[in-house]
Amino acid sequence: MNNIIVGVDEAGRGPLAGNVYAAAVILNNDYVIHGLNDSKKLSEKKRNELFLKIINNSKDYSIGFASNEEIDRINILQATFLAMKRAIEGLKINFDYVLIDGNIFPFKNIYNGEAVIRGDSTIKEIMAASILAKVSRDKYMLELDKKYPAYEFCRHKGYPTRLHRELIKSYGPCPVHRITFKGVKEYI
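Following this note's numbering, the numbering of the sequence shown begins with 1 at its first residue and continues without gaps.
Below 30 angstroms or equal to it, Euclidean Cα-Cα: the simulated DSS-like pairs (lysine-lysine) are:
(1) Lys41 / Lys146
(2) Lys53 / Lys92
(3) Lys169 / Lys185
(4) Lys182 / Lys40
(5) Lys85 / Lys185
(6) Lys53 / Lys41
(7) Lys139 / Lys46
(8) Lys124 / Lys59
(9) Lys46 / Lys92
(10) Lys85 / Lys45
(11) Lys85 / Lys124
(12) Lys139 / Lys185
(13) Lys85 / Lys147
(14) Lys139 / Lys53
(15) Lys53 / Lys146
(16) Lys85 / Lys41
(17) Lys124 / Lys53
(18) Lys169 / Lys182
(19) Lys182 / Lys146
It should be emphasised that the hints constitute simulated quantities derived from the structure, not laboratory data.
Computed from a prediction, not measured in an experiment: that's the story for all the values here.
Full structure from sequences and hints, please.
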């Protein structure tokens with residue numbers, strides 16, 4: 001009997017704005033998805049292509065997030081774990097083991113599993129989750145760009161680029177900024 005493994009990863013811990021996203025993926029062992037890698041090592045075009053292959057060919061997947069308000073209330077690490085938990089809880093099929101990218105496995109009392117340092121570069125389930133989380137967050141940031149065009153989220157996706165920091169300085173934070181983050185809180 002094959003164990004059913006869930007890969008979990010996040011996107012959006014470092015930005016100054018928006019939700020942190022996480023994805024949980026159970027791959028279909030009968031369908032090999034070529035080109036999987038850490039989402040940060042792939043072009044946007046390649047990530048989008050792989051996103052479609054993953055959602056159309058996986059046994060199951062789920063995407064969760066924690067809001068910027070939750071990030072400010074409980075801190076980014078705990079909000080990341082919350083997004084991961086929401087992603088795992090969104091799966092419809094039963095699984096045996098959870099592999100999370102990183103060095104902390106926060107679900108010891110809930111699931112069998114472990115954290116894998118650089119798992120997003122070495123474990124296909126985590127690579128797939130990395131891609132789903134990143135593409136989902138980027139799409140969300142494009143929606144925020146339409147709602148808050150002055151901040152040009154389409155260009156920097158909320159990351160602390162020079163442009164983004166200058167826009168916060170000029171306009172002050174908007175409702176989706178993480179007010180507890182350095183680079184935002186000094187302009188409140």
